[in-house]
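Here the protein sequences line up with chains Z and W, keeping their order.
Residue 31 is where the first sequence starts when you use the numbering used here, and the numbers rise one by one after that.
Residue 51 is where the second sequence starts when you use the numbering used here, and the numbers rise one by one after that.
Note that these hints are calculated values from the structure, not bench results.
Each hint should be verified, as a subset may be incorrect.
[Said to hold, decoys possible] Pairwise CB distance ranges (calculated): (1) A126/Z - N77/W: 21 to 27 Å; (2) D109/W - D125/Z: 17 to 23 Å; (3) S101/W - T100/Z: 31 to 37 Å; (4) H122/W - Q47/Z: 42 to 48 Å.
[Stated by the list, open to error] To spell it out: a stretch of chain Z is covered by chain W in this simulated footprint if at least three of its residues, at any positions, have a beta carbon under 8 Å from a beta carbon of chain W; those stretches are: (5) 62–72; (6) 75–88; (7) 133–142.
[As the list claims (entries may be wrong)] Mimicking DSS-like on lysine-lysine, the simulated pairs with C-alpha atoms at most 30 Å apart in a straight line are: (8) K87/W - K151/W; (9) K55/W - K104/W; (10) K104/W - K121/W; (11) K151/W - K39/Z; (12) K143/W - K39/Z; (13) K87/W - K39/Z; (14) K151/W - K118/W; (15) K39/Z - K55/W; (16) K87/W - K106/W; (17) K118/W - K106/W; (18) K121/W - K151/W; (19) K104/W - K151/W.
Glycine included, every Cβ here is placed at the ideal spot set by N, Cα and C.
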Amino acid sequence: NAGVTQTPKFQVLKTGQSMTLQCAQDMNHEYMSWYRQDPGMGLRLIHYSVGAGITDQGEVPNGYNVSRSTTEDFPLRLLSAAPSQTSVYFCASKDAGAGSYEQYFGPGTRLTVT
Amino acid sequence: DQQVKQNSPSLSVQEGRISILNCDYTNSMFDYFLWYKKYPAEGPTFLISISSIKDKNEDGRFTVFLNKSAKHLSLHIVPSQPGDSAVYFCAAKRNTGTASKLTFGTGTRLQVTL
Numbered sequence: 031n032a033g034v035t036q037t038p039k040f041q042v043l044k045t046g047q048s049m050t051l052q053c054a055q056d057m058n059h060e061y062m063s064w065y066r067q068d069p070g071m072g073l074r075l076i077h078y079s080v081g082a083g084i085t086d087q088g089e090v091p092n093g094y095n096v097s098r099s100t101t102e103d104f105p106l107r108l109l110s111a112a113p114s115q116t117s118v119y120f121c122a123s124k125d126a127g128a129g130s131y132e133q134y135f136g137p138g139t140r141l142t143v144t
Numbered sequence: 051d052q053q054v055k056q057n058s059p060s061l062s063v064q065e066g067r068i069s070i071l072n073c074d075y076t077n078s079m080f081d082y083f084l085w086y087k088k089y090p091a092e093g094p095t096f097l098i099s100i101s102s103i104k105d106k107n108e109d110g111r112f113t114v115f116l117n118k119s120a121k122h123l124s125l126h127i128v129p130s131q132p133g134d135s136a137v138y139f140c141a142a143k144r145n146t147g148t149a150s151k152l153t154f155g156t157g158t159r160l161q162v163t164l
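Work the whole structure out from these sequences, hints included.
The following block contains the structure:
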């Protein structure tokens, strides 16, 4: 099992550019989510999905879009990058079973917007 | 509004001694708490958790204590080892609509010295 994989590891964008951060998991987890980590802020939830075709907003969704066409993949799209989106982005997944709360995280994507 | 707080950004402990990491929360709707450990350039990994109906959970060198009346939890690591040097995040779960969501603290950097 590869677990949760994220690509790319690093990315530099100019303001206004768009890009997609990729996330895939091979654990057949129904629940997937995206977080961003900023200094002094902890991890904040951007968007999440409880299964294919179902997505919802988290704490800081503005400027980001998601879709979930398969169980395995949960890409995060930045439509028009802004310097405020400079951050480290983590994708996570977990089993949707009752009593299952542990999330498995990918290695992260470090994004810089200039 | 930071609902989960880790007021100590860093902690230094000698190898073999006890490390105590603290976490406070404000939302009484949280019903499950988790600790994650994060090494540089890696994603967070799950360490230990506790349900709000318990006051202690132990797993090897790691013990989590929950004081619901004080809205406080702590992670004890005994004995501390150099490999424990990492950032530790406290997270709290609440159920909201279709899914349970995690709220993370800002993290405490633990350094275990020889």
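Outcome, coverage hint (the stretch 133–142 of chain Z, chain W; C-beta under 8 Å; three residues): holds (count 6)
Using the beta carbons of A126/Z and N77/W, state whether their distance is inside 21 to 27 Å or not. holds (23 Å)
K87/W paired with K39/Z [C-alpha distance capped at 30 Å]: holds (20 Å)
Compare the distance between the alpha carbons of K87/W and K106/W with 30 Å, and conclude whether the hinted pair is satisfied. The given pair, whose Cα atoms are some 19 Å apart, holds under the 30 Å limit.
Go ahead and decide if the range 31 to 37 Å is satisfied by the Cβ distance of S101/W to T100/Z. holds (32 Å)
K104/W paired with K151/W [C-alpha distance capped at 30 Å]: holds (20 Å)
For the stretch 75–88 of chain Z, count the residues whose Cβ lies under 8 Å from any Cβ of chain W; is that count three or more? That given contact holds, which follows from 6 residues of the stretch 75–88 of chain Z lying within Cβ reach (below 8 Å) of chain W.
Just to be careful, I want the Cα atoms of K104/W and K121/W compared with a cutoff of 30 Å; is the pair within it? Given pair K104/W, K121/W holds - Cα atoms ~13 Å apart, limit 30 Å.
Quickly compare the C-alpha distance for K87/W and K151/W to 30 Å and report which way the hint goes. holds (18 Å)
Is it true that the CA of K118/W sits at most 30 Å from the CA of K106/W? holds (11 Å)
Given the hint that K151/W pairs with K118/W, does the C-alpha gap stay at or below 30 Å? Cα-Cα ~19 Å, so holds.
Check, residue by residue, whether the stretch 62–72 of chain Z contains three or more positions whose beta-carbon lies closer than 8 Å to a beta-carbon of chain W, and give the verdict. This one holds; 4 residues, not fewer than the three required, reach chain W with a Cβ under 8 Å.
The structure is consistent with each of the numbered hints, conforming to all of them.
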